[in-house]
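**Q** Chains as they are written, first to last, in the working numbering: chain A, 1 to 246; chain B, 1 to 605; chain C, 1 to 180.
No lab work stands behind these hints, which were simulated from the structure alone.
Predicted, not measured: the structure shown is a model, and the values here were computed from it.
The reader is advised that the hints may include incorrect statements.
Chain A side only, calculated, beta carbon under 10 Å to chain C, not exhaustive [to be verified]: (1) Val-98; (2) Ala-101; (3) Ala-114; (4) Tyr-124.
Note that beta-carbon positions come from the ideal geometry of N, C-alpha and C, so glycine has one too.
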Amino acid sequence: MSEDQSFMLDGRRVPFQDGQTVMTAALAAGIYIPHLCFNPEFAPHGSCRVCLVKVNGRVQAACATPAASGQIVQNETGELREIRRGILQMLFVEGNHVCPACEKSGACQLQAVAYYVGMLAPHYTHFYPRRPVDASHPEAVIDFNRCILCELCVRASRDVDGKNIFAVQGRGIQAHLVVNTTSGKLGATDFSLADKAAQVCPTGAILTKHRGYEIPIGQRLYDRKPISVVGDVATVAESKGGRRHE
Amino acid sequence: MAESDILTQTIHEIVQRHGGAPTRLLQILRDVQDRLTWLSPETMDRVAEELDLSPIKVRGVAEFYSFLYTAPRGSYDVLFSDNITDRMLGNRELLHYLCDRLGVHVGETRADGRVTVGTTSCTGMCDQGPAALVNGHALTRLDKPRLDRIVELVNRQTPLTEWPREFFEVASNIRRADILLGRHFADGAALRAVLKRRPEAILEEMVKSGLRGQGGAGFKSAAKWISCRNAPGEEKYVVCNADEGEPGTFKDRVLMQDFADLVFEGMTLCGRVIGARQGFVYLRGEYRYLLPSLQAHLQRRREVGLLGSDILGEPGFDFDIDIHLGAGAYVCGEESALIESLEGKHGVPRIRPPFPTTHGYLNQPTVVNNVETFAAAAKIAVEGGAWFASRGTAESKGTKLLSLSGDCERPGIYEYPFGVTVRRVLEDCGARDAQGIQMAGPAGHMISARQFDRRICFEDLATGGSFMVFSHRRDILDGVRNFAHFFVHESCGFCTPCRVGTSLLRDLVTKVHTGHGTRYDLEEMRKLGRIMQVACHCGLGQTAPNPVLDSLDQFPEAWERRLRSTAFEPAFDLDAALEQARQLTGRSDPDAYLREEELMLGAMP
Amino acid sequence: MSEPKVKIATCSLAGCFGCHMSLLDLDERLFDLAERVELDRSPLTDIKELSDCDLGLIEGGVCNAENVHVLMEFRARCKILVAIGACALNGGVPAMRNQFDLKDCLEESYLRGIGLVNPQIPNDPEIPLLLDQVHPLHEVVKIDYFLPGCPPSADAIWTFVNQLLSDQPLALPYTQIHYD
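Pulled out of the complex, with its shape left as it was, chain A reads as follows (with noise of 0.2 Å):
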């Protein structure tokens, strides 16, 4: 019965079971839509609005959308790619994202994404905001501001660890990802490189001590093939062991 059950997506049919959404969909079918906040691994969130295609006419968040039989999708089109840079823009305006002097350069989701829409520039005013980074802890650094508040590393926290470490605090324009302490820093939780949370940030904004910069250019995840060949860091880096940083 499920066998039946198909959408198009781009001319494509896309088969589909109960309870699938479109992207986990046309994931399994071996169809690249963008995304950030989107993890396989977790319930979808919806936040960062990359993976947006167009649903029988309508724009929708692929990871939010319940894929239904007859459903005519939209991935790759010249719109959805401007409103996808846009998108990733504003990200990139949003915080303080120095690509050079950053150890996830490379095998970054965030940039890696951001090539894939022909994003050449951040375009829009940058709000340079003003973040602290935290290296408390022992073996993981902070950097808040590269941190673009997709809650993966909440939701992993909360959901796999079971340690609820992570939390977004603020309202709009004001809202910040915070650590679970009085202190409000990671050295003060029990916070470990085995977490789950510490797996997932498509940025860099949770690093690894005492590594960094390992691996040539040239040689690096994204280096030589889009993330549509590639797949996303925390995937790949999970079937190599682990290792964030291939």
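Starting from the known structure of chain A, fit chains B and C onto it as the hints suggest.
**A** Just chains B and C, lined up with the frame of chain A:
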């Protein structure tokens, strides 16, 4: 008792009063703050302990709502309503006057800790502004003599209960009544009807009536009730959305003030129809002055058997209503954000589907309707669907309450059958010189005189009821800029295009409004606005660019006359960006300035 | 008779000259380029006065009053203006000082620094006055094209310049787009 013990005791008592329920977190924090004037980290941690919640969750909620303070605040907390209609009535001058008299800066607390003066989004007193809140209580019709009195009261530390009653008088200003406001309603009539005719028959009348969501979205109310009634669930809930946050609208305030029984009756009716035993009114924080009278109404209804157990003597007809008070978050008017807030969380809209009718409060089937919708439903149950549908247009049955404010002689509440023209409304309220109307609030549409023959109905101009008139002596862009600030303040921050886009848009609007923009900036605003309209997670972000986009279409001259003739202007004031360095170096030589006339600004090929 | 040469000007504002180094990395392709273009004002020519040009390539962000003047002049004199490299596009590493007040930056460098003799904040009129923040080029003038990279590779510059000079649509291969 040591100070910390008193704190613990106070918090313990408040939490117990709320049954120790985490869903009451927002209410608990409100009550705690009422006692302590602000929520210190220690206070929040105690609340978390008492409720067995993680401290980060309590802080997250406290930081989300504008009326919860995580920094010390004056014992008198004065917030001026800063809607464009308040501005038209001169609120800025009054704000600065009060600050001068009190010796305090806007947004700051006086050194003696006695008073804080700031601003807040529209408080829903647009027909009797300039308005403000003092410790959450509505002040209306402010003027300098009244502020002089307030200065005295503050400096003498007179308790609010001893302030002159007339400061807090809120008029209803019903200027035109039709079937909803005009006809007498006998308490209990709708409940007798549902007992006599059974829920199915009432639903049929609802279908016949064609009633649509009066908050402005216009979803068929009967369809909502039927969906919820048919949805499987252990419990079902009825929620009345009285979070009337759209600037310029205040009709729900008047309904709750003068027609509370009608609204409660509509909710109880809904409870009977869908099989719910619990209802909630989500009342916006700005309307807390209504709380005592609403509680009294609820109590009276319980006493006469219109609420509680075995309503009207019918075994098993149990329904009661609880009132939740918001705390300054416009986004909670969005029904799924409202439900989150009801559950004691910060108000971020949920992913939909699933919709509240199947997965609402505590994931149970829930009907969320606007105040006016419940009032209309109660009347329909008594008078019949055909009676209601005899008014209005093909797709918009019945009547609509409009909240008139701005440049008109008779601001207030006007009830019209759907289909009334804008022109007719303007004539009735005495708006002789209207240049444009902000219809349905900042999230709605701005229309110019060319469109005054349009009709107010879902087929043409849909509205939740806000109707702000701009006369020819107003600068439309003052309104646009005010609204752009409003959306920055009210964005919940969950999704990228709203969180970032509202700020980008505000900066562009400000740039042009202050005479630093070019045609390039107008095009930038259009592009950004179009992205936000389709990309945002909820209606707030999707409608946030409306004032900009509409005014660009409807009032191009208002923008054009602000433009510079150059092709491009910097995003920031170049010379001002040197000021810090000038001060640090003490330089005043010619090269220490970036004077516009010396720059090759705009010298484009 | 050969076609008139395309006139190009280049400069480095708040940058490290790395993008210019990358330009030199064109190596033997420079001969090819020299056939088609004439360099006007550029650190490579030491011409100080900018004349009307077809193309301006600017590296670095805007950190001081002089940067503003130079950028404005380039905008006025170049038909097409290109921002090259991370600093020109988003401020780059120099913009990391935007995390601090200018006062703190200057005091740290000139008053509190180690080994300072006669510590004072320089105030000679010869020295360009600093802006309170470093900005990318597009926040000051209209930029026609952006070429990312820190620096963009010689290959990326070559692709870009060739496409631009031959009026082709700009399309860099995947490996030539990077932000670092």
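**Q** Which of the numbered hints are not met once you compare them with the structure shown?
**A** Structure breaks no hint.
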